[in-house]
Structure formats: C-alpha cells, structure tokens
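Undergrad: If you want the building blocks of each chain, they are given just below.
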Amino acid sequence: MDTTPNSKILIPRRALLKMGAAGTAAIAVGKAGSIVVPELRRQGLLSPSGFFDATSVVLANSIYDEKFPTSPLILSPFQDELNILKALAPVPDSEYKNWASPPGPGYGQQNSLGNDRHQRWRGYGNDPDPVVYRVKVEVNAHSFTTSQVLPINSSGQPTKSFDSTRKVYAAGTVRTLPPSTIYGFNGTFPGPMINAEYGKPALVRFDNHLDENPLNLDRQDFGSPDWTFLTHLHNAHTASESDGNPHYSMKYGPQHHGYLPQLWVDNLYLNWPAGNDDTEKQTFFWFHDHSMDHTGSNVYKGLVGLYPIYDPKNGLDMGDERQGYRLPGVRTDNPDGSFDVKYDIPLAIFDCRLDDGVTNHLDMHDGMGEYPDAGNPRKHPEWWGKTFYKHFPNHGFVGDIFTVNGTAYPVLEVKRRKYRLRFLDCSVSRIYEFKLMSSTQGPKSAVSLGYTGSEMQGQYRIPDGQQCMQFLQIATDGGLIPTPITRDSFELWPAKRREFIVDFTRYQDGTPTTKGDVIYLTNVMKMSDGRMWGNSSRFSPDPKYMVPVLKIVIGDDAPDDSLIPTKLRDLPPVPANWKSLMDNRLIFEVERGSAGGEVEWLINGRQFDPTQVATSLKNKAGNTPLAQQKMGSFNLWEIRNGGGGWVHPFHLHMEEHRTMMRNGKVQPPAGNGHPDDISKEDVVALDPGESTIVYRGFRDFVGPYVAHCHNLVHEDHAMMFGWEITP
Amino acid sequence: MTIPLERRLAVLRSRLQVNWITVAFLAVLLAFVDGFWLTATQGAIGAIERRQSPVTRWSRDSILMLPLFVLAVLAGLLLARHWFAASRLRFVRVGATVLLITLMTSIVGIAEVAASSAYDYRLQTRHLEAGGASHHLSALPVLAGTDVQAGVQPCVGVCAERQLTLSAHVRGVALASKLLLLTNLVLASWVLTLLTDRVWRQQPTSSSRRGEPSNASVLEAAVS
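Chains as they are written, first to last, in our numbering: chain A, 1 to 727; chain B, 1001 to 1224.
Simulated from the structure, these hints should not be mistaken for laboratory data. Mixed in with the good hints there might be a few duds.
What the hints assert, rightly or not - List time: in silico BS3-like cross-link candidates among lysine-lysine, alpha-carbon distance up to 25 Å: (1) A:Lys444 - A:Lys515; (2) A:Lys515 - A:Lys67; (3) B:Lys1178 - A:Lys31; (4) A:Lys415 - A:Lys515; (5) B:Lys1178 - A:Lys67; (6) A:Lys167 - A:Lys18.
Claimed, not checked - To give an idea of the interface, some chain A residues facing chain B are shown, with a C-beta separation under 10 Å as derived from the structure: (7) Ala22; (8) Pro48; (9) Phe51; (10) Asn635; (11) Gly664.
Unchecked claim - Just some of the chain A residues that point at chain B, by a computed CB distance under 8 Å: (12) Leu17; (13) Lys18; (14) Ala21; (15) Ala25; (16) Val29; (17) Ser49; (18) Phe52; (19) Thr55; (20) Ala60; (21) Tyr64; (22) Asn604; (23) Val702.
Don't be surprised by glycine CBs; every beta carbon is placed ideally from N, CA and C.
Could you put the whole structure together from the sequences, leaning on the hints where they help?
TA: What follows is the structure in structure tokens.
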C-alpha cells in the first residue's frame, strides 16, 4: 500500500455508491420532515395517527377529483351601497285575526296540517299576545352586483361566456351578470330582519310558496328538490315544535324533511331567556332553513333572515344609546309597530361562486334523480353568471366572491361616531378572520397581482393594507359579554355571531379620522376549500392575503350619545362542583365517514337518524347514556373532533353553553384562553383534533332537538344527532 | 424414479442460498411501507368501522402480511438468479433483481389493498342500505317528475350511492397501486444499492470448494 502523503485516497466505487444512497436518503428524510412537520402541526395532525390521517387526506383529495368554476371578475367593486336592512313590519291584529286560520294556542293551530300545538303560548309572567309576522318562502331573482364583469378562468385569463340561450361571447367580452334564482324569505336575500325584544313574543307564520314561479325562473340544480322548507331561529330559546329541526319534523308536524308547498307553520318565539334568567339573554339571532339533507342548498339559495333581539328591561339594551349600557344605536319606533335602530348594523357575510358555463355539473344528488330537468352530468352554459352549488363536495364548499348583506363588495358610508356592528357568517363552510385596514393604493384585483387558482378567491386584495382600527367586542353568540374586549381581529365561523363597537372618529393610534377617509373590512383568513383555513393569524399568517370585503367611507360628524362600556352582562353562574358531572358526561365525536355521499359525515360512528335519540360514547363511569335530559337539568357534554384535518363548527340547539374545558384544560375566564371561550356560545369551534367539554342547561321546554356541524355540507350529509328533553 | 428426500432437500437448500437477513430486512421494510399505503387508503375511502387506531391497524396488518412479503422477496431474488445470473452486464443483473422484487412485492401489496377495499365496500353498502330509509336515498323526488321508461329501473338512491362508492374504491385502489409500485421500486433500489454484496450468500458448493466459481458466486462477484 502506498502511504506517501501525495498518494490519492481511493474509495471503492461500491462504497461511494452506498454512501450516496445513504446520504440521499438522509437528506430526503430531513427535507421532507422540515416541510411536513410544520404542516402537520398546523393541521393538528402531528402524531403517529395524524400522519396516517394526513396521508389519507392527500389520497382522498386525489381520489375525489372535483372542479369548481371560477366566478367572473367584478370590474367595479365597492360601488354598490351596502344593503342596510329595515325591520319587518308586523301584521296588524285586525288583519291576522281575520285569517282563515289565525294563530292560537289550541291544538291544530300550530301548522296548516292541524296536527300540532304550541307547548306554551306565553312566557313567564304576563307576556302579551305575540306580535305576528308573516314571511312567505318564495322563488325570486337576486343580483349580487350591478357592476360589469370580465369572465376569467382559473388562470386568471379572459375566457368565453354565455347567455341564457347558450350564445357564446368571445373571451375578453365584458358582461353584465344575470340575476341568480333564489329561494328567499319574502323573496329577498338576505330575508327580512325582525327586530325583536325580550318580553314581547313574536309569532312568525312561514308560508311556503316555492311551488309558484311567476317569473318563470330556472331553478337550476340545488335547493330542496321537493321545495320543502323548515325554519330554525338560530339559537333562540324555543319550543321544539317551533325550533325547526328535522328530529322534530320527521316525527311530528310535517313528518317530512320540511313543510311542503302550500303548507304553513307558526313558529312561536317567546323572546324570553332560558330559565327566565336575565343573564341568559342574547342579542342576535338569525333564521335559516333547516330541511333535512338540504339545509346547505336552501341556505345557499337564499333562505336566511336576521333577528336582532333587544332588551328593554330597565332600558339596558333597547336600541337607545341614551339609556342602559349606552351601546350605539338611535331607535325609531315606526307607525307600523316595528322599530329601526340607526348606527346598529347587522352584517351577514356570505360567499358564493358563479357558474362559468364550462364546468361540468356532477353531483351525488344528480345520481339520486333529484334534479332530472337539469339533465346532469353536463355543462350548463345557460346558467353562466348564476350561483353554482355542489351539494356534496369532498372538500366542503367555499365561494370565491364575498358578499355582505347580499351585495358583493359593497360600500358603506358611516358618520364620524361609534357604531354597533353585528356580524353573522351565513356561509356554507367558509370561516373568516376580519381586520379593519387602510390602504393608500386601494384594492387591486388578485388577477392583476399575478395570482391564479384558489389564490384568486375573494377577487381583490389590498397589497399595502395596514391595520388601522380595532374592534371592541361586546357580544358573542350568547349575547353581551361581561367585559368588552379589544381585538385586532376576530374569527367568524359559520353560523356564529360577533358584535363590536367601532369608533369611526379616530384610528387606533389616536389620529382623528377625516371625511372621505376609507377603511376596509378585510378578510385575512385564507381558506381555499371547506376543510379548514390555509392561513390565519392563529396559524401561519399570510401577510399578503388581505381581501377587502366592505369599503367603509368616513362621512360627516354626527351626534353620539353612546359610551364605551366597561361592564356589560354577567355570565350565568356555573356551580362550583361542575366537575362532579365529569365522569358521567355525554361524549360525541364528530368524524368523517366513508360511505357514499349522503351518509358521509358521522357522529359517534353513526349517521343522523331522525327517529332516534343518539347514544354517547362510553364515558369514564363506564356508561353510554342516551342523549336525553330531564327538563330543568344541567349536564356536561363533550364534543370531540375525530380528526382528519377538518375543522367543525358544531352547533347545539336550544340553550347556550359554556366551554368549561378545551383539550383537557379548564378554560380560564375573561379571555385568557381560546377566544371563543369567554362567554356563552351555541357553536363550538373545533380546531383539528380538538375536544371541548361544555356545560349546558335544558329548561322550559320538552321534545326533540338536534346538534350538528354547521359546515352545512357536513350537516346535510348526516353529521347530526337527535337528542331530547323529557318531562 | 424417485429422488430421495435428502437429495431434494439439498437441491432446495442450494437454491435458497440467500442472505436471509437481507431478505428479512427487505420483506419487513416493504411489508410496513405497503401496509402504510393500505392504512392510508382505508383512511381515505375505507369503512368507518375500520378506520380507528390507524397505527395499531398498520402494525397488525403489516405483521400479518410479513410471510407473504418474505415469499415475494425470495421469489424475486430467485427468479433474478435463475434468469439473469449469467448476464455479463451488472446493470442488467441488479436492475432485474430490483424490478422482480418490486413486481413480486407489489403484487402482494396491491392484492392486499384490493381485498381490503372489497371488504370496505361490502361494509359500506350495508351502511348505505341501512341509511337509505331515513335519508332520501330511496325515494324519487315528490314534485320533480321523472320519465321512467316502463321496465327500466333507473339507478338512483342507494343504487347510485353504491356505484359512486364502488367508483371511489376503484380509483383508490388504482392510486394506491401506483404508489405501491413507486415506493417499492425506490426502496428496493435503495436497499440493493446499500446491501448489494449481501444479496446472495457465497454458495458453499462442491465446485466452489474445488476452486471453480458457481453461478451464484459469479453473480456475487459481478454484483460486487
């Protein structure tokens, strides 16, 4: 062997090959780990099981190939005024008392089938007879924008478009959108707003006219195929016959998914707090369709209405900023019996997707023969520019156009003063995170910034957006919170409500605003499909994702008698020994099933069966109790996310709950824990893999109720269970 | 004329002159990797009853399938020796060995995924039939009339759901098959690159004892 210093060191070729193979493997594993581990952590899947779940998710994405249209680009956003809803007028006594079947407490008076009655006609004490409203469920047309549009494809390139006769328009042709066909409460989207008050019951007669189509509109291929409706006032303290839930409707009343055309039902909203406890009072409900298996399609088709509820007791929260909590609002009592509150604005956020005429319509529901007139699977150029829906998308359903109160990218001129903004997410699956931002350059289309595909969702961005104001949170789903909380941003999950005071007189740095200043309500949560967010402030924020949803223009000064509150409503007490209920709690795990579409989503391994009361998983006491609670009782329920990289907004009908534990940790009061756990809620926001233990009561009424995921695609595909309150 | 048992065993032993540690390593590796794809595919399209505790199921299924993978690796090695030992090109010998092991183990893996999917489909169709009564799987729409030709039963409701479920399984098995083939190919290549000198043990045959190289030792030398 040559051992001189100048001799070459010879490495056998085989050894070199081995070293290369080992090195490549090590680098590949290291590199893959650096990419995969953070992503798994983000999705809550960083565990041995999670690794399998994540792989299954990727495989499922490949197996269930789905294509969605790209909506035409709205060329002049932020020109249409925000639709500020006016309160619906009640029906005069003289009128409804002359109806052929006037409302009443007797048997047979609750619906047109004559087979039901109201459990209670009055709340506690000497409540007056209900104020009566009439809401017709109707087919109508709705335009999301008056702007012209440029048809584009998923690459952002101009593309051809069509009209109702299938005539083809060349790429680059600027078009006006045709109105979309909606099913609407009183034919509008959003439907009417009922301004309600505690202590003044309201009875709403919902009257199905969906069989009438005076405008001869094309009903397309979504919306309940037999034109049923079932209205749920989310989440009022309501008797089961007026709750509008399929566990009830399949057994009693219509004994069907909902009420068929020409039928009516009187939903009686007693407008009283659970247990007659003032701390249980809420502030903002909404009513929406809840037909079994078609809630998503009916809500997406427009069956949404608003129901702010005020508390006149001691003038605390009656829409008059000179009294009580001094929350922003100037009340006007109208001669028709309704009242409106200025500077108190509900904002219903909704995303939609418009047909491009070249995307194939193929849906599980077509296979079921529900829309034979559509002739699917096929493309529908004649529906170009109208709302597109897919009942059973593997990834959930999100739109690429964001709307507020039924208008895409509207503008709101505000006075220089404080406002009360009531936010509602009435989208099918999308979660939002909002900030108030300013921008010197203003909105730019995502296409012009070079984005393509799902990055174009929301259509516009403010690339130089800067947060300029904060929100002062005053209420959640469950009503006013004990102490207002200042927030830079907030998440809005499907069906959730959040209320804020925004002071439009100054920016967060103290600089006064001036007339003409522009602020954008901006969504910073990227969510390219219905599974969960891709980016948000809580998880890997994307500083470039700033999608303006509402343009707010500062106007003139206006008197302002409202005050920033320091103390609002106390929470209802929770017994100190609540943990004694832990061992025998009810446990429900939401998870993805695997059979075909209609029973895709499961709870405790079972699909929704409207004839049954669900059974808990085995608890620590070794029991599997039925989801049956005695009237007047309280209990702990555990809601678990079974994983799979999905988030679930899980809604429990009837009383609001308090989150006592999240992921095994007792939730601290006053905002130190999860942002949702500060107060009462009716939707549990379940991040991937999370579990929550909630404390809830079952008071005042008996009968069947439901709990379900409010990702409406999940709800419609069996992620729901029946439970009941027994005498 | 019957061949004595001892002679037959001797022939078999000479044919099975392989490095069993390498065979075992390859079999365990490929069984667990293919088991991973099986479990992940079940997670994507499998029946809910079989989707709990994926790690436990993966371990159990992989261990149960291990004997078949040992046989598959062995078959690949022996076929390679039988067909390509005489080849002078090292690339051909190693490449053929990799491909044959990949092929044999993938056949086992794909069969495993297909059998599992078939079982899942059976469970799911039962589930669908049970669910059809309460959801609207069994009924045609009330108002939207369908022109059903006399004697022709349209595939709607549970039938349509079954078809879609089956179609998902077919796509799932096809996808899993591609992934199995690819990963088995990469892993077999990687292992044979690292352990190439241990693929076949030197055969202590009479010819080698006399100093004459056997077929296997020729290949061993060549591979080395």
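Undergrad: Provide an ascending list of the numbers of those earlier hints which the structure does not satisfy.
TA: Result: hints 2, 6, 10, 11, 16, 22 and 23 break, sorted rising.
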